[in-house]
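Chains as they are written, first to last, in the working numbering: chain P, 2 to 313; chain G, 20 to 274; chain S, 20 to 274; chain Y, 20 to 291; chain V, 20 to 291.
Treat the hints with caution; some may be incorrect.
[Stated by the list, open to error] What the simulated footprint calls covered on chain S by chain Y, stretch by stretch (three residues with Cβ under 8 Å from a Cβ of chain Y suffice, anywhere in the stretch; the number is not a length):
#	segment
1	109-123
2	133-146
[Stated by the list, open to error] Under 8 Å between C-beta atoms, here's a sample of chain V residues computed to sit facing chain G:
#	residue
3	Glu-79
4	Leu-81
5	Leu-177
6	Pro-198
Rather than coming from a laboratory, the hints here were simulated on the basis of the structure. Remember, predicted model here, so these are calculated numbers, not experimental data. Cβ coordinates follow ideal geometry from the N, Cα and C atoms, glycine included.
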Amino acid sequence: GTEKETAENGLIPITLQTDWYAQAEHGGFYQAVVEGYYEEVGLDVTIQQGGPNAMGTQKVVSQSVEFGIGRADDIVVHAANKLPLVIVSALMQHDPQALLVHEESGINSFKDLDGRTVMATPGAAMIRFLEKRFDISINLVPLDFGMSRFLADVNFVQQCFITNEPYYIKKEGANAKTLLIADSGYDPYRVIFTSRGYATKNPEIVKAFVAASNKGWKSYMAGPREKANALITQLHPKMTEEFLNYSVKAMIENHLIEGNEAEDQTGLIQPKRMQGLIDNLLEVGVIDTSVDAHDLAPTKYLPADLQAMVTK
Amino acid sequence: MTTNSNNIPMVRLAGAHKRFGETTVLEDINFQAAKGEFISLVGPSGCGKSTLLKIIAGLHSLSEGEVVVDGMNPKNAREEMAFIFQEANLLPWKRVQQNTELPLKLRGESTERRVETARKMLELVNLSHALDKFPWQLSGGMRMRVSIARALTLAPRVLLLDEPFGALDEMTRDNLNEDLLRIHARDQWTAFFVTHSAAEAVFLSNKVVVLSANPGRISQVIEIDLPKERNAELREGSAYLNYVAKVSNAIRTVH
Amino acid sequence: MTTNSNNIPMVRLAGAHKRFGETTVLEDINFQAAKGEFISLVGPSGCGKSTLLKIIAGLHSLSEGEVVVDGMNPKNAREEMAFIFQEANLLPWKRVQQNTELPLKLRGESTERRVETARKMLELVNLSHALDKFPWQLSGGMRMRVSIARALTLAPRVLLLDEPFGALDEMTRDNLNEDLLRIHARDQWTAFFVTHSAAEAVFLSNKVVVLSANPGRISQVIEIDLPKERNAELREGSAYLNYVAKVSNAIRTVH
Amino acid sequence: MASTSKKIQSALLPITSGAIILAVWYLISYWYGRSVGYDVQRIIIPFPHQITSALWSEREVLWQSTRQTALSALIGFVAAVSVGYALSMLLASAVWVKKALYPWVLVLQMTPVVVLAPIFVLWMGQGLPSITAITFMIGFFPVVANTTMGLVSTDRNLLDLFEMSNATKAQEILHLRVPYAMPYFLTGMKIAGTLAPIGAISGDLFAGSSQGGVGGIGYMVILYNSQLKIPELFATALVACMLGFVFVGCVNWLHWYLLKDWHDSARKVENT
Amino acid sequence: MASTSKKIQSALLPITSGAIILAVWYLISYWYGRSVGYDVQRIIIPFPHQITSALWSEREVLWQSTRQTALSALIGFVAAVSVGYALSMLLASAVWVKKALYPWVLVLQMTPVVVLAPIFVLWMGQGLPSITAITFMIGFFPVVANTTMGLVSTDRNLLDLFEMSNATKAQEILHLRVPYAMPYFLTGMKIAGTLAPIGAISGDLFAGSSQGGVGGIGYMVILYNSQLKIPELFATALVACMLGFVFVGCVNWLHWYLLKDWHDSARKVENT
Ligand SMILES: Nc1ncnc2c1ncn2[C@@H]1O[C@H](COP(=O)(O)OP(=O)(O)OP(=O)(O)O)[C@@H](O)[C@H]1O
Ligand SMILES: Nc1ncnc2c1ncn2[C@@H]1O[C@H](COP(=O)(O)OP(=O)(O)OP(=O)(O)O)[C@@H](O)[C@H]1O
Ligand SMILES: [Mg+2]
Ligand SMILES: [Mg+2]
């Protein structure tokens, strides 16, 4: 049921399903928890860690959790399949998804991927986009969340987060570089989403959640992050301070959260950019019916300052 | 002996045929046994004696004809029957005592009565020293004796015995013969007794049925008109020996 | 009959004891059999006859004492021995013919010789009509006969027979007795023959060993001094009948 | 005539139970759909007809990936059965062999495939050989466990018979223990048969590729899953089941064929 | 004395074979390291000592996740064995039950876990119940297949005996078929025992959570894999194996305990 009872402490319980075990890419949410931003707006937020099979979309649409996070293009695909989902806020302006290649591989651009074996999520929209856009053909092997094969084979290409895998690869002393997908002209947001039913019934809660999360992210990126990082390492014992710092640094350097614009855009969704993504997906045939960006990602749940930044 | 029983047949076979696939094993068996009769079945190996017993027990169905036990289909008369199989058929995971108790247990008798009856019957077959052994620890003869004790724990109205004493030494065999007669005199069940010993057949029965082979048919029914009380002395008597010779000859002629 | 064989014993047991766990089954068995001797073993059920045979075959080891077959440890003399077990022990997945051929097959005989020998022996036991049957399609006596035929396909120097004829009718039994004597006269193997029939023991053997029970000991060895040529007529003779009575009594006294 | 009506009856039974299961399924889907909406129901517990229509619309892709998976499953199955069988005989051939090897057979069985997969891929490359190896790994132990149990359960009396015949160890195994263990072996084979398609699918997850545009069933499973094409996912599962039925059907036939003459599990009861 | 030396000998055998396997492992690792460099070797086929030292340094984390996985494995194992056993008896209770249900039992076994996992998670939530359900799914069929086979293999003659005693179907199953099928059942249980930790690990992958700071072994597998801690990954596999050994050891003890009195597979041979 959506109408969760208010807990004894007067707070409304909310669950956020993440896509992986606790990591810096979820830092803003943890920051909001430890800094009490959620409590301030009357929410009691539980962050449920994901993993290889987080099933965030299923959980959100079946309303067993309230919010999920994911890449905007995936949500578009689901929406085109008539799943009742709503994007309520951006999480990152640019997706950290990249391709990891060896320096020795001779791959310098996406064009060079033609005929290569790439380990990635089958069915991922980005791979199909790359194939169409650059007119290349890729031999896809399913992602196994490991990197040993990459290290053993200089011609191996693997999907990665620029905030994650390169850290371990460098530690192994291999010469690897990354091709950020966002640089290919395919640049989806990472977003926070909920189910249509929940959003319609509880617009105030959604707004409150978005606002507090937004505040959390700004605060996390600005620092100090010690308390949130402590919580992350506690929840995910194999996480190290050093690795968290590496991820944060990558997020900052690549302007993943706030974007490359002059202004800090943390959390903002520009319907125009969203529509561009939808058109892209339609063009390369990932979806076959269009989706209205305003309907899928209405700006009404954003804080007032962000709503003001929306270009008409 | 036939006359002392009332005239309703306890077991009746009429026009009974049994085929296994193509081969006819029993052909046109017509026979009936009254209450309290002790019938021996003799005949060459493979002529169908065990099959006949299993038909009376309702374990094999007839291909043709009819079998009636106490006015019922054999399957409904199971409570009144006990069967000593040609093989001992003990449960390998149960000790001698438990194996003997089994039928009573299945009938839901109280533990007390079960234990007591089993003990008594095991004593009868001289196995009181082996109550705790498993079947694999027994000799062939001992296993057969457990199987005999097991059947005797029931108080049947029809007792089917398939070569129960074949694996036993003469002395044990003679003793058990006499025990059997004593119990029979007391309980008056109807017995079908398969044996290869003409002497044993004569000593125990009031009728010896001689079966011929291929296919099994009743070749002769020899009435044994000996006194009801039979004991070791009888075995020396000439009447007895004549009957034995007669049965012996009958077996030899059907070969 | 003992004298016609040379004096090296074919089978020798000296101070043989056999215990299963705590219980002593055989105690201080001292016995020897020369080439060509036909020894019958009689004794109450469970006294250790099968165990003794298995010891000679090397299937059971002795707890104490010594057993020698043809100058060797029994395990090394297996090629010279054949064993008819108390149970038929047929392979359920093989037909009668293949079951009978088995030992020859294991010895690597040619198919031709195997088939022929098996056929001959199955004919001897009157099973020529059942070559293609599986064990479950046979009667108890038929199974035992297959087992007999199987052992006879080998030409052993020592033949161990554990109640081979217990499940057979008199006529078949008598015929096989005579066949056995004929083959024995020809091949002169040493036989150890377990039986519960005093008559059979006397008819076949030159020595009857009477075992007592609990623990099994040799209680008596009765030499049978009857003519070498034995036939149905012999069975009527008083010398024969006296021996039978003697053995019978011996069995009764050890009880 | 009686036998014809019996046959009809025995065909009706699984159909009836299938109909009941289907009805329950529809009820649950329907009830779930009513409470959360049919768009959501479709991706959680699709209606059976949604599954079959997905099966139909995806038939070409599924047919191709099934062929691919069927091949790995078949090779893996054959390898699991034959290597497992051979291994069992080796283990039964002498006590010391069993003592020395059995623990390591267990280790092999119990090592998670995720650990072994990279090694296989490294040695055999992406594709059929590795997938087959993973299928083999998943299916061989039931064969070994069952066959070994059958081989050591052999009746003592029959072993005595063979000992008396001076049978060599090889003869004892070949002519006695192997046929005696047949019912056990066939059961192991049946389990391996149900595991083979599952193994091939897992193999696909770890070592499959989309070379030539189509992956095996495992690849399709991830694909449909990541695209939330759940009716299609269930259709894929249906295909996997049917593949399994083919294996189990073959094993059942073999069971009947090999044991009909003598074993109680396959023999028609003569009486009653 | 002879028996002591025998005992030593029989302990030496697996140790010796283990030493050989270890030596071969070292050789392969070494050879591989020489050809591609030891940095790569370490993350593909680590030296055994690298694995044990990883085991040692990660002992606390591994201990915690092992405890968690052991719990799911245990519950799943017990469920697989008991439900599988009950189901087999149901299937054996009447021919029509088997005809009606067996195909659907097979379907359940052959449906890839990846399809069922989301349903489980949605119904039972992330965590122990779902993990256990997945473990159960992976382990129950070998029990069913074996036990069913054992139940239908029962000796005809003994069935005749029970029929003569007017035994009810329930008595026949309880007092005859069940003990007769015991060796089969125990073999199925042994297979389920090796599958239980693997099942729990897969369950962890699909439905686990590291809520509260500790994940199961499956979680550690993903984690180590994604962090390139391959010696640690192998150490985790080692732990999974040891967990499996505990299950198999218990089943072996049960086998010995239940069958020692009467079955040839457990009885010590009296002679020789
Ligand atoms: N494997 C065994 N373990 C324990 N005791 C055994 C074993 N085999 C036989 N015995 C015991 O040894 C004794 C002798 O058995 P054996 O089979 O030799 O008797 P037998 O003289 O052949 O009897 P029968 O005439 O009934 O066949 C019996 O009391 C039996 O209980
Ligand atoms: N289930 C069966 N299928 C086919 N034929 C069978 C079956 N059971 C018995 N027979 C055949 O039926 C015949 C009679 O067998 P039965 O067991 O009744 O003989 P019997 O008179 O008891 O012999 P014995 O004295 O040797 O025990 C035999 O020829 C046997 O081959
Ligand atoms: Mg019979
Ligand atoms: Mg004996």
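Do the hints match the structure? See the list:
1. 109-123: holds (count 5)
2. 133-146: violated (count 0)
3. Glu-79: violated (47 Å)
4. Leu-81: violated (42 Å)
5. Leu-177: Hint on V/Leu-177: holds, closest Cβ of chain G at ~6 Å, below 8 Å.
6. Pro-198: Given a least distance of 5 Å, the restraint on V/Pro-198 holds.
In terms of the numbered hints stated before, the structure departs from hints 2, 3, 4, listed from lowest to highest.
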